[in-house]
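Let's have the full structure, built from the sequences with the hints guiding it.
Protein chains in written order, with my numbering: chain Y, 8 to 343; chain A, 8 to 343.
Hint data in this document are derived by calculation from the structure and do not stem from the laboratory.
Since no wrong hints were added, every one of them can be taken at face value.
Each pair may be met inside one copy or between any two copies, as identical chains are not told apart.
In silico SDA-like cross-links for lysine to any residue, where the CA-CA straight-line distance does not exceed 20 Å: (1) Lys34 with Lys98; (2) Lys9 with Ile199; (3) Lys24 with Gly286; (4) Lys24 with Glu285; (5) Lys34 with Ser294; (6) Lys9 with Leu210; (7) Lys335 with Pro65; (8) Lys48 with Arg337; (9) Lys9 with Glu212; (10) Lys290 with Glu240; (11) Lys9 with Pro197; (12) Lys48 with Asp169; (13) Lys335 with Glu32; (14) Lys320 with Glu31; (15) Lys233 with Glu16; (16) Lys254 with Glu285; (17) Lys49 with Gly171; (18) Lys9 with Glu240; (19) Lys9 with Gly297; (20) Lys49 with Arg337; (21) Lys9 with Phe208; (22) Lys98 with Glu128; (23) Lys34 with Glu282; (24) Lys133 with Pro50; (25) Lys290 with Glu186; (26) Lys9 with Gly223.
Number of protein chains: 2
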Amino acid sequence: MKKIMNAPEAYTDDMLKGIYMTHEEVKYVNDDLRCYCIANKKPDKVAIITGGGTGHLPLFLGYVGHGLIDGCAVGGVFQSPSAEQIFEVTKEVEAGAGVLYLYGNYTGDIMNFDMAAELCEMEDIKTASIVGADDVNSGAPKVRRGVAGIFYMFKAAGAKADMGGNLEEVLAAAQKAKERTRTVGFAMSPCIIPEVGKPNFTLEENEMAMGMGIHGEPGIWNGPIKTSGELAEESLHTILEDMPIAKGEEAAILINGLGATSVEELYILCKDVVEYLEGQGIKVVRSNVGEYATSMEMMGASVSVCRLDEELKEYLDHPVSTPFYIQKARDGYDAV
Amino acid sequence: MKKIMNAPEAYTDDMLKGIYMTHEEVKYVNDDLRCYCIANKKPDKVAIITGGGTGHLPLFLGYVGHGLIDGCAVGGVFQSPSAEQIFEVTKEVEAGAGVLYLYGNYTGDIMNFDMAAELCEMEDIKTASIVGADDVNSGAPKVRRGVAGIFYMFKAAGAKADMGGNLEEVLAAAQKAKERTRTVGFAMSPCIIPEVGKPNFTLEENEMAMGMGIHGEPGIWNGPIKTSGELAEESLHTILEDMPIAKGEEAAILINGLGATSVEELYILCKDVVEYLEGQGIKVVRSNVGEYATSMEMMGASVSVCRLDEELKEYLDHPVSTPFYIQKARDGYDAV
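Take a look at the structure:
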């Protein structure tokens with residue numbers, strides 16, 4: 008296993024120690040490194056809390072920061088955090104305006120966030136919940152896994168909360184981003200869970216997997232590596248079948264690397280995605296290219312499309328500052 | 008070869024097309040995608056120009072932006088750009104205050120930047136040159152390769168130029184960063200040049216290479232994978248032997264991923280680097296963790312240390328905004 012680490016069982020906590028040493032904008036509470044919170048919370052704001060397994064940086068904790076979300080309960084590699092950890096994070100970051108739980112559509116996470124919500128109810132903390140479920144190839148809408156497209160839900164909800172929206176409005180912003188976002192991903196290689204020590208699936212030389220999940224969940228086909236142009240076409244065909252976008256409409260795209268795929272390749276894919284969409288008469292007006300939801304050292308990428316309207320565009324353009332993601336106001340350099 | 012691309016020979020230009028489609032802060036000149044320039048140059052400023060092969064993002068072109076550098080001549084994968092391309096970039100971004108050529112210590116690059124400087128002389132454009140040569144394990148100081156530590160040279164020179172320094176002052180800032188920066192890197196896997204299609208070296212399962220260069224240049228030993236703590240210790244021992252730092256002095260660290268190594272691992276390494284340095288009485292006051300100089304899908308990392316003084320700290324804290332790297336002013340959120 009070729010990883011830079013110490014004991015496999017220390018992987019998550021050693022990572023967290025490095026993050027806290029580096030970024031004073033975040034802290035932990037309850038003497039538990041895995042209760043990860045913004046250091047200076049904004050008063051009177053709806054708090055947004057996420058959580059999930061380690062191994063997907065910057066998902067999930069990397070989105071904790073100003074203009075985005077407020078806390079994250081951190082699980083072990085590909086494991087859910089506990090209800091108690093979610094509850095401890097909630098007590099720290101809630102600011103009297105209610106709490107939105109926003110996380111990926113995975114059984115363990117749903118169970119633990121629901122339990123945390125019950126603990127909140129007993130302490131009169133108002134919560135609402137929504138799960139990301141953007142991965143088209145993983146099934147019917149209700150059972151879909153949440154993958155990189157959850158970024159747009161964080162972005163919309165985070166902006167609305169930062170602008171002073173109430174809990175219902177923040178939930179509605181996340182809901183709108185969810186309804187208008189779809190993702191297709193594909194893997195070229197597996198990854199290794201440190202405490203397991205072996206690849207989580209196998210692919211032949213020159214073989215790839217379309218629709219593979221970020222924990223190695225099986226995809227819809229395995230076959231020879233396709234070109235970037237072919238991958239863009241198949242991904243977007245799948246997305247647009249599921250969520251039609253009319254000619255002349257505007258869209259945002261997120262080209263996400265799964266971990267081991269180079270940024271060079273992501274920009275090649277970006278070119279092909281933009282060319283395909285513009286060939287369909289869809290205007291690509293916002294693009295993000297880089298790592299947004301990874302699977303440690305998995306090779307591969309995902310393409311997310313968010314069908315925009317003026318409200319969502321305003322949310323996407325809201326400035327953000329987290330240790331892992333900075334987005335300036337759109338008026339340029341002087342605003343940095 | 009598991010890469011997301013179209014024809015191997017289109018790799019560099021397809022990547023550049025994706026970048027220009029995404030980032031309106033940059034443009035190309037002379038009808039040549041590889042003549043990469045800042046879109047809105049700052050008047051009367053010393054221009055800083057770099058260049059080098061493709062395959063190291065964000066190095067080199069990713070550092071073009073406000074507060075950092077102004078132009079980059081882009082070569083093919085692991086190839087030098089031509090003297091003509093460097094000269095075309097120079098003519099576009101120079102603003103009457105002279106030009107600093109700042110690039111890595113590689114034979115082809117030196118030859119072409121020197122030729123470009125001669126072309127500039129004929130057109131009365133004043134130039135100065137400095138090469139990054141921070142990779143301690145690659146030999147005696149003069150022959151050392153430039154790797155991730157060149158970031159500190161860009162940062163110091165870029166800040167000084169942005170503050171209004173003249174060419175001599177900007178060169179001196181880069182020189183100071185150079186004298187005070189050292190890097191040690193190690194690889195766990197090779198990478199593949201698209202047009203070659205085969206790994207550029209081989210490592211056994213569980214074998215790593217200490218001192219390996221970012222193009223696959225041989226290192227100083229190959230052997231079993233070490234733990235993060237051991238890697239931190241060996242890297243820092245090598246660095247501090249070459250550049251002693253006294254107890255009580257301040258340092259900046261850069262933990263750089265070579266491409267396929269997860270960000271989780273980089274933070275584990277960061278923890279061990281900080282603990283080692285603080286054990287030596289050295290204060291780590293600035294940290295950067297992420298990808299700064301990669302080798303496509305190579306697994307591995309490098310550790311750079313910059314021995315700070317008040318002047319360098321001021322340069323490091325200067326705000327920066329490029330499509331690949333944003334650094335806020337240190338007064339926090341309101342400045343975003």
